[in-house]
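Q: Spelled out from the first residue to the last, the chains are:
Protein chains: 2
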Amino acid sequence: MEEGTSKEPSHSCCTEEAFQWDTREDCDVRQILDRIGDKWSLLVIALLDDRSMRFTELKRTIDGISQRMLTVTLRQLERDGLVLRTVYPVVPPRVDYELTPLGVTLHDTIQSLVTWTEKHQTEIATSRARYDAAAAVPVV
Amino acid sequence: MEEGTSKEPSHSCCTEEAFQWDTREDCDVRQILDRIGDKWSLLVIALLDDRSMRFTELKRTIDGISQRMLTVTLRQLERDGLVLRTVYPVVPPRVDYELTPLGVTLHDTIQSLVTWTEKHQTEIATSRARYDAAAAVPVV
DNA sequence: CTGTATCCCATCCGATACTG
DNA sequence: CAGTATCGGATGGGATACAG
Numbered sequence: 001m002e003e004g005t006s007k008e009p010s011h012s013c014c015t016e017e018a019f020q021w022d023t024r025e026d027c028d029v030r031q032i033l034d035r036i037g038d039k040w041s042l043l044v045i046a047l048l049d050d051r052s053m054r055f056t057e058l059k060r061t062i063d064g065i066s067q068r069m070l071t072v073t074l075r076q077l078e079r080d081g082l083v084l085r086t087v088y089p090v091v092p093p094r095v096d097y098e099l100t101p102l103g104v105t106l107h108d109t110i111q112s113l114v115t116w117t118e119k120h121q122t123e124i125a126t127s128r129a130r131y132d133a134a135a136a137v138p139v140v
Numbered sequence: 001m002e003e004g005t006s007k008e009p010s011h012s013c014c015t016e017e018a019f020q021w022d023t024r025e026d027c028d029v030r031q032i033l034d035r036i037g038d039k040w041s042l043l044v045i046a047l048l049d050d051r052s053m054r055f056t057e058l059k060r061t062i063d064g065i066s067q068r069m070l071t072v073t074l075r076q077l078e079r080d081g082l083v084l085r086t087v088y089p090v091v092p093p094r095v096d097y098e099l100t101p102l103g104v105t106l107h108d109t110i111q112s113l114v115t116w117t118e119k120h121q122t123e124i125a126t127s128r129a130r131y132d133a134a135a136a137v138p139v140v
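As given, the protein sequences belong to chains A and B, one line each in that order.
Per UniProt numbering, the first sequence starts with residue 1, numbered consecutively.
Per UniProt numbering, the second sequence starts with residue 1, numbered consecutively.
There could be a bad hint or two in this list.
[Claimed, not checked] Below, a list of computed lysine-lysine pairs in the DSBU-like style, where the Cα atoms sit at most 30 Å apart:
1. B/K119 to B/K39
2. A/K39 to A/K119
3. A/K119 to A/K59
4. B/K39 to A/K59
5. A/K59 to B/K59
6. B/K119 to A/K39
7. B/K39 to A/K119
8. B/K119 to B/K59
9. B/K39 to A/K39
10. B/K59 to B/K39
11. A/K39 to B/K59
12. A/K39 to A/K59
Hint data in this document are derived by calculation from the structure and do not stem from the laboratory.
As the structure is a computational prediction, the values presented were derived from the model and not from experiment.
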């Protein structure tokens, strides 16, 4: 194994003076958000919409993912209870992945994030270009 | 400067056989999702709700962030047009950060992600514990 | 087909010191 | 107060080879 799957987080949340939400490093929320934020998890969840997919199918669909990282990512999502892994005892082996009910609820939220991104990508690209241009040619 | 701010992405999207959405590595969507997914951006946007905050105030509020990473993160968000940086020419300097209109629209989506996480953290923690227990004590 | 194990490098990012 | 510069350790993740 590799890439620590442990490191226990604390449990209490918002114990301070009720600011907004717990921003402490070891907070559960941060632990989970870090998972969402890794390079591939969000992609996998977004792809596993209402149907199940085989390992190779996922690998083909997600451009650039290595076999290793797909395995690691799927294991983490399975551990989190977001993805269900089904092994068919045939040869050659067949393994299907699908979202659990919990995973489906997350899918919706993630989908809205993807939609937001698609919708505003032009604005962001424009903003970046303007920012870079301004930095390259100071007012003088 | 540091940590590449360039690396131009391609523009077309979903040019394949109209699968779902472009999962290619250099897609705009991926570029932006990577930003969302970095260690601190999501935190900063979530925190900058309807009010502006000073640099030090952000630093105090976000547990564990270094001065360096707060600066880097804020610069990226400014470049993306999500955060507005206002410098007051006083001494000692005062710099306020607030969400742009674009940033506000993203804030809503991100907030729903944070809410999801808060709501389901117990389920996930339980799932993880069960997974780890099963792994530690195989069926035999 | 679906993994696991190993190697190894790119980058992320924290610590620290210095500046206007 | 609000940065910037530099260094160096940790870690994410790709390439490759091997296995059930």
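Q: State for each hint whether it applies.
A: So, going through the hints one by one against the coordinates:
1. The suggested pairing of B/K119 with B/K39 holds, with an alpha-carbon distance near 21 Å, which does not exceed 30 Å.
2. For the given pair, A/K39 sits about 21 Å from A/K119 by alpha-carbon distance, which is consistent with the 30 Å threshold.
3. Between A/K119 and A/K59 the CA atoms are separated by roughly 26 Å; this keeps the pair inside 30 Å, and the hint holds.
4. In summary, the hint linking B/K39 to A/K59 is supported, as the alpha carbons are separated by about 26 Å, within the 30 Å threshold.
5. Proximity of A/K59 to B/K59 is assessed by CA-CA distance (about 40 Å); at most 30 Å being required, the pair is judged violated.
6. Between B/K119 and A/K39 the CA atoms are separated by roughly 23 Å; this keeps the pair inside 30 Å, and the hint holds.
7. Taking the CA atoms of B/K39 and A/K119, the gap is about 23 Å. The hint holds against a cut of 30 Å.
8. At most 30 Å may separate the alpha-carbon atoms for a hinted pair to count; B/K119 and B/K59 meet this at roughly 26 Å.
9. A distance of roughly 11 Å separates the Cα atoms of B/K39 and A/K39; the hinted pair therefore holds under the 30 Å criterion.
10. A C-alpha spacing of about 14 Å is found between B/K59 and B/K39, which places the hinted pair at or below 30 Å, so the restraint holds.
11. This hinted pair checks out: A/K39 and B/K59 have alpha carbons roughly 26 Å apart, not beyond 30 Å.
12. Using a Cα cut-off of 30 Å, the hinted pair A/K39 and A/K59 holds, with the two alpha carbons roughly 14 Å apart.
Against the hints set out earlier in the document, a violation occurs for number 5 only.
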